[in-house]
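With chain C's structure known, arrange chain A on it following the hints.
Note that the protein sequences, when read in sequence, are chains C and A. Its first residue numbered 467, the first sequence is counted upward by one per residue in my numbering. Its first residue numbered 467, the second sequence is counted upward by one per residue in my numbering.
I should point out that these hints are in silico values taken from the structure, not numbers from a laboratory. Just so we're clear, the structure is a prediction, and the values are computed from it rather than from any experiment. Wrong hints could be hidden among the right ones.
Copies of the same chain look alike in the list, so a pair counts if it fits in one copy or across any two.
To be verified - Derived lysine-lysine pairs resembling DSS-like cross-links, with alpha carbons at most 27 Å apart: (1) K833 / K637; (2) K833 / K495; (3) K495 / K565; (4) K495 / K867; (5) K565 / K499; (6) K833 / K565; (7) K565 / K482; (8) K499 / K867; (9) K637 / K482; (10) K482 / K867; (11) K833 / K867; (12) K637 / K565.
2 protein chains.
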Amino acid sequence: MSEPFSFIPGGIVAAKGFQASGEHIGIRKNRAKKDCALIVSDTLCAAACCYTQNLVKGAPIAVTQANVANGYARAIICNSGNANTCNANGVEIAEGMCKLVEQHTGVGAGDVIVASTGVIGQEMTLAPFETGMASLAASLRAEGGHDAALAIMTTDTIAKEVAVTFTLGGKTCALGGISKGSGMIHPNMATMLCFLTTDAAISPAMLRAALAQVVRDTFNMLSVDGDTSTNDMVSVLANGMAGNAEITEAGADYDAFKAALYQVCAQLCRMMAKDGEGASKLITCTATGARDIDTAKQVAKSVICSNLLKAAMFGADANWGRVLCAIGYSGADVDVQRIDVQFVSRAGVVSVCTAGSGIPFSEELAKTVLSEDEIDIAVQLNAGEAQATAWGCDLTYDYVKINGDYRT
Amino acid sequence: MSEPFSFIPGGIVAAKGFQASGEHIGIRKNRAKKDCALIVSDTLCAAACCYTQNLVKGAPIAVTQANVANGYARAIICNSGNANTCNANGVEIAEGMCKLVEQHTGVGAGDVIVASTGVIGQEMTLAPFETGMASLAASLRAEGGHDAALAIMTTDTIAKEVAVTFTLGGKTCALGGISKGSGMIHPNMATMLCFLTTDAAISPAMLRAALAQVVRDTFNMLSVDGDTSTNDMVSVLANGMAGNAEITEAGADYDAFKAALYQVCAQLCRMMAKDGEGASKLITCTATGARDIDTAKQVAKSVICSNLLKAAMFGADANWGRVLCAIGYSGADVDVQRIDVQFVSRAGVVSVCTAGSGIPFSEELAKTVLSEDEIDIAVQLNAGEAQATAWGCDLTYDYVKINGDYRT
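Same shape as in the complex, but just chain C:
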C-alpha cells in the first residue's frame, strides 16, 4: 500500500481504451430509467471474475464463466429490471445477449461478460435487446461511464463510480469501476454486480489472484441484509493500453496494482453500504487487536450484520450490549473479558465498554455521536495485532417498505 495513488473521475471509463453506454431499452416499464449498460474495450483484455456462491445462480453467471474460461474478454453487457434467474430459457437469453453484442460491436460473442440484475423468476425475452442493441452500440463513448453506472442500478439511489490513477514502472495507469447494490447484499466469495476496468497490463493469472484477494478484504466484508444474491459478480478487464511491462508474477508492480484495486473496491463497498436499501447511515465496524485476520473479520462482519445493532444505530441508541452479543455468536474465538468498545463519528468518540463490562458514559454525547450519518464501531480485542473492517448500514422503516413490495 506504499505506492501513491489518487482518486480521479471517470469510473468504468477512466482507463484508456474503454467506452461505455447506458440506455432504456424496454426491460423496465419506467421509460425514464436506463436499464441496459454496454462497456467495450478497444482491444482484447485479460479478464477475471468472482461469482456468487449461492447454489441458485442466474443464467448469465454460467455463460460468463464459459466466456472468460480462457482468461480473456473484451466487453460487458448488463441489464437491470430482470435477474434472468430461475427462468427456463435463461441460458438462451444470456447467450442471445452476447450474440447481439457481437452483431453490433464486432466483439466476439465468446469475449462478452454478461450479467443481469432485478427480479428473480420473471419471464424474460430477447426482444428489448434486439430493439435496443443498435442504439446502445452507437452510443458507446469514452464519456459514457456514468450512463452505464445509472443503467445497472436497481433500488440504488445513487450511481456508484470510483477510479484511481497510479504508476507501474513509470507508466501512468488508471483503474476504475461501477457497482450496484442495494439489497440482497451479503457477498460470499463475490458480491452484487461490480465491473472494473484498467489499462494496466497484467496476465490473466495474476489478475485473478489480485481480484480474489481484494474481494476477500472488501466485498466479502460488506453486508446490507444478510441475503447472498443469486447474481453476484465482480469482474475486471485489463487491456494493457497503459504500456507498462505486463505483470506476470508477484513483486512491487503486482503489489501496486493490488493496492489500486483495493482502493477502488473498498470505496465502492463504502458507497454500497451507505446506499443500502432504506439505509440512513453507513455503519462500519473496525475490529483491532485480533490474534489473526480471520478473527478480526469474523468479529467485524458479525457486528455489522446484526439486525438488532442495525436497528439501534437507526435510533441512535448506544445499545452496546448488542455489539458484544454479536461478537459472542460470531463464531470467533475471543476473550470477552478483554473487549473494549467505542462508538466513533465525526461528532466525537464515546467509550461504552471496557474489559467486557459497561462503563458510565454520557447519553447526551452518545446521542450526538450516533446521530451522524457515518458511524464506526471500534472493537479492540486486546489479543494481538490483526485488524479488519466491515461495511454495513442501519435497518430502517424504508428497508421494510422497499422490500414489502419489491416486484411492483
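Only chain A this time, still in chain C's reference frame:
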C-alpha cells in the same frame, strides 16, 4: 408420537406439585409491569437445561450450570428488565438471588435455576430482590402460572403458556411451560427463556437426553431476527409426583414423554414466532422431500431467516425468488432444478415454482393467501423422505421501531 395427549390449561403449574408467582419488585420503572417470577416444586426434581452457545453469556447461566450440575433442582427465579450480562458483579447478583430464594422458601440456594432477561450491560443491584422476595414467596400458589408468564415478558405482547396431559404406565401426567421472546431470537443449541415443569418421574440423564433432542427440533428451528441471545436457556423440572415408574431408559414411556415435551415446545415456538418483535404474521417453512433431516432443517431455517423474504411476507408479495435464493445460500446440498414452492394459508394454496422455474399464477389469489396472519412456505425438494419445519415471522416497521430505541 403415537401416544395420545391433549392440551390443558395451567402452563407452568399444570403439573402436580408446582406453585408459581409473578410480581413487580422494582427492577422496571413501570410499576404496572411484573418483573420477577418464582416457580417452586413441592419436592426435589430431576432437572435439565440447554444454554445459549453465545460466548458472551449472562452471569445467571454460569450460576445455573453449577446448580444443576448434579441433575437436580427445585425452584426457578427469573427477572425481566435487566439481563445481568456484561456487569462486573453479575455472578454475585445471580448467587444473591438464589440465596434470597432459600431464605424465603426453604429451597436450598444450590437447587435454584436463576435467569435474567432484558437490557445487556446495565448496572444491577440485589435491592429489588431483597425488598420483593418475601412477597413473591408468600404469593406462591398452584394458580400462579399466568403471573409468572407475565413477569418474564420483555417486548412480548402476549404471555406464552402451554401444557399437555398424557399417560405413562396408566398414570396421568402433565407437562407444561412458559416462555418469552421476542427479539434476539435465533437459538443455537438452546433458546430464549423457556421454563418447563412436569410431574412425570424421569431420571436426570433421560430428561437431559429428551430435552436436547426436542430443543434441536423446536427452539433451534425458530428465528425472529437472526441474533442469538446471551441469556438463552430452556430448563425443565420433573418432580415425579404423577407416580409413574421412573423413566430410566429408552422405550415406550420415554417416547411418550418426549412426544409430550415436543408438543409443548413446538407450540411455544409457534407462539414466540407469531409474537416476534414487530411481527404481524407467523411464517413457517415446511421443507419436505429432503434426502435427510439436516438438509430439510437447513433449507427451512434459511428461508424463515431471510430478511428479504420476511419483508416480502409483510407486504403480502409472492416474491418466491427470495425463497429460492435463501435455499441457494443455505449451505444445504440440494438440486435446485427439482424444487417446487407453494404459499399456503387458510385462504388457500398458490403454486409459484415448479422444478426450479417460475410458473404462471394468479397474483390476486397470491395476495389473498399471503394476507392471512399465518403463512406456510411449502418447499418440496423431491429428493427423499425427510422433512422439517422452521418457525419465524415477518419483518415490519414495528421491528425497526422497537429496536431503534429499546433501552428507553
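To see whether the hints hold, each was checked on the structure:
no., hint, result
1, K833 / K637, "neither (49 Å within a copy, 60 Å between copies)"
2, K833 / K495, "between (43 Å within a copy, 22 Å between copies)"
3, K495 / K565, "within (24 Å within a copy, 69 Å between copies)"
4, K495 / K867, "within (21 Å within a copy, 34 Å between copies)"
5, K565 / K499, "within (24 Å within a copy, 68 Å between copies)"
6, K833 / K565, "neither (56 Å within a copy, 39 Å between copies)"
7, K565 / K482, "within (25 Å within a copy, 77 Å between copies)"
8, K499 / K867, "within (21 Å within a copy, 32 Å between copies)"
9, K637 / K482, "within (12 Å within a copy, 86 Å between copies)"
10, K482 / K867, "neither (42 Å within a copy, 49 Å between copies)"
11, K833 / K867, "both (26 Å within a copy, 17 Å between copies)"
12, K637 / K565, "neither (36 Å within a copy, 76 Å between copies)"
Consistency with the previously given hints fails for numbers 1, 6, 10, 12, ordered from lowest to highest.
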